[in-house]
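Student: Protein sequence lines correspond, in order, to chains A and B.
Following the working numbering, the numbering of the first sequence begins with 1 at its first residue and continues without gaps.
Following the working numbering, the numbering of the second sequence begins with 1 at its first residue and continues without gaps.
Hint data in this document are derived by calculation from the structure and do not stem from the laboratory.
Be aware that a few hints might be false.
Per the computed footprint, the stretches of chain B lying under chain A, defined by three or more beta-carbons under 8 Å from a beta-carbon of chain A, are [unchecked claim]:
#: 1; stretch: 44–53
#: 2; stretch: 92–102
#: 3; stretch: 113–122
#: 4; stretch: 127–140
#: 5; stretch: 170–177
Cβ pair distances, simulated, as ranges [said to hold, decoys possible]:
#: 6; chain 1: B; residue 1: Thr-116; chain 2: A; residue 2: Pro-20; range: 38 to 46 Å
#: 7; chain 1: B; residue 1: Arg-41; chain 2: A; residue 2: Glu-197; range: 49 to 57 Å
#: 8; chain 1: A; residue 1: Ala-183; chain 2: B; residue 2: Asp-92; range: 33 to 41 Å
#: 9; chain 1: B; residue 1: Ala-87; chain 2: A; residue 2: Ala-183; range: 42 to 50 Å
#: 10; chain 1: A; residue 1: Gly-70; chain 2: B; residue 2: Asn-42; range: 37 to 45 Å
No experiment lies behind these values; they were computed from the predicted model shown.
Each residue gets a CB set at the ideal place from its N, CA and C atoms; glycine is no exception.
What follows is each chain in one-letter form.
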Amino acid sequence: MSFEACPECDLLLNQTQAAPGDKAHCPRCGYLLQRPHKHSIERTFALSIAGLILIAPANLLPMLRVKILGNIQEGTLWTGVGTLLKEDMWAVAMLVLLSSVILPFVNMLLAFLLSVHLFYQRSNSHMIPWMRWYQHLYEWAMIEVYALGIIVACVKLSDMADIKFGFGLYAFIGLLIVNAMLANEFDSYTFWRRITELAEK
Amino acid sequence: MKRLSTALTHGFIRCHECGQLIKTKEECICPVCKGHVSKRRNKNLHLTAALVISSLSLYIPANIFPIMAVTELGSTEQHTIAGGIIALIRQDMIPIAMLVLVASILVPLLKLMGLTLLMLCVHYRWQVNAKLFTRLYRIIAFVGRWSMLDIFMISILTGLVDIGGVAKVIAGPAATAFAAVVVLTMFAAKSFDPRLIWDHQLNHD
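Whenever a hint applies, use it, and build me the whole structure from the sequences.
Tutor: Rendered as structure tokens:
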């Protein structure tokens with residue numbers, strides 16, 4: 001019999017495998033131990049490709065176009081970072097750049113690399129570091145918070161400017177949905193198990 | 001009375017990275033993921049306490065100094081975090097104002113208070129409802145990132161409203177302080193190990 005432990009209350013448990021669609025909670029503290037999905041790897045593979053495609057237009061195309069007293073200005077994800085840098089707010093600029101552009105991309109890339117290797121059953125010595133990086137960087141990619149920021153910014157601007165939405169925003173919303181679905185499908189328990197099985201072969 | 005049973009009392013340590021259970025009593029290297037395996041993360045709470053104190057002291061300048069300056073037709077107005085919320089209320093945008101109030105004032109403050117409570121509970125070995133305290137930890141760890149809302153909003157506004165002397169939004173000194181508060185509290189939440197709450201609870205059955 002092999003054992004496992006709850007990561008939040010350290011209760012010693014008999015190792016079980018929950019059926020796809022079921023949830024396994026820790027009986028003592030209620031921590032969600034496992035939530036296996038059918039085809040978790042295949043879906044992560046598909047969603048990460050969709051995400052990597054959507055990242056390009058979401059970053060490059062203008063998201064918002066504002067008209068203030070006859071002057072028109074367009075903004076992409078990068079515009080704010082550039083202006084903050086010009087104002088010597090480099091720390092804030094770096095934080096925004098990391099959490100809205102770089103880390104969402106890195107995370108999507110890691111999910112893609114992991115799922116493509118597991119899908120084709122290719123072993124790679126970098127998979128364990130990739131998995132660790134994915135778990136650590138996960139909470140620092142904040143595109144859903146950025147989306148809320150866009151809403152608040154639009155409300156603030158509504159009485160001084162005319163706002164039009166660009167294609168970049170639609171791509172960004174698409175990326176947001178793909179990212180949320182990916183987070184839901186990515187099952188670290190299954191991924192870790194499959195990675196160790198692959199490495200032992 | 002006996003301590004609550006944990007994997008550690010049975011002679012197992014769970015790897016922080018990959019979840020592998022290792023039969024050991026000493027710190028070691030995980031055989032699966034080659035990560036460093038220790039009994040508990042930051043057992044003495046020094047790191048968590050340092051991060052909480054730093055973010056608490058940055059929370060003050062973040063709220064006193066202007067977080068952005070709005071110039072419209074030559075007249076400049078400085079906004080603090082609270083000022084921005086009041087401006088939204090004047091615009092009759094109550095739900096959005098509440099959202100910003102929760103994300104940028106209440107969440108960081110309640111997070112710091114919650115983490116302090118958790119640290120006191122571990123340090124003084126309080127007998128508490130550990131399940132409730134673990135839930136508190138989970139909420140703290142989950143909501144932290146949403147405080148970035150204000151920083152993103154300022155970044156969007158400074159990028160979009162930049163027309164010479166006619167209309168301009170500039171980020172203020174509080175923006176850096178506030179960003180630091182958010183980042184430090186996120187690190188503080190991550191450095192706290194909820195298993196420490198369970199370690200000294202006595203078994204009442």
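Student: Look at each hint and say if it fits the structure.
Tutor: Hint-by-hint comparison with the structure:
{"no.": "1", "hint": "44–53", "result": "violated (count 0)"}
{"no.": "2", "hint": "92–102", "result": "holds (count 4)"}
{"no.": "3", "hint": "113–122", "result": "violated (count 0)"}
{"no.": "4", "hint": "127–140", "result": "holds (count 6)"}
{"no.": "5", "hint": "170–177", "result": "holds (count 4)"}
{"no.": "6", "hint": "B/Thr-116 with A/Pro-20: 38 to 46 Å", "result": "41 Å, holds"}
{"no.": "7", "hint": "B/Arg-41 with A/Glu-197: 49 to 57 Å", "result": "27 Å, violated"}
{"no.": "8", "hint": "A/Ala-183 with B/Asp-92: 33 to 41 Å", "result": "35 Å, holds"}
{"no.": "9", "hint": "B/Ala-87 with A/Ala-183: 42 to 50 Å", "result": "34 Å, violated"}
{"no.": "10", "hint": "A/Gly-70 with B/Asn-42: 37 to 45 Å", "result": "57 Å, violated"}
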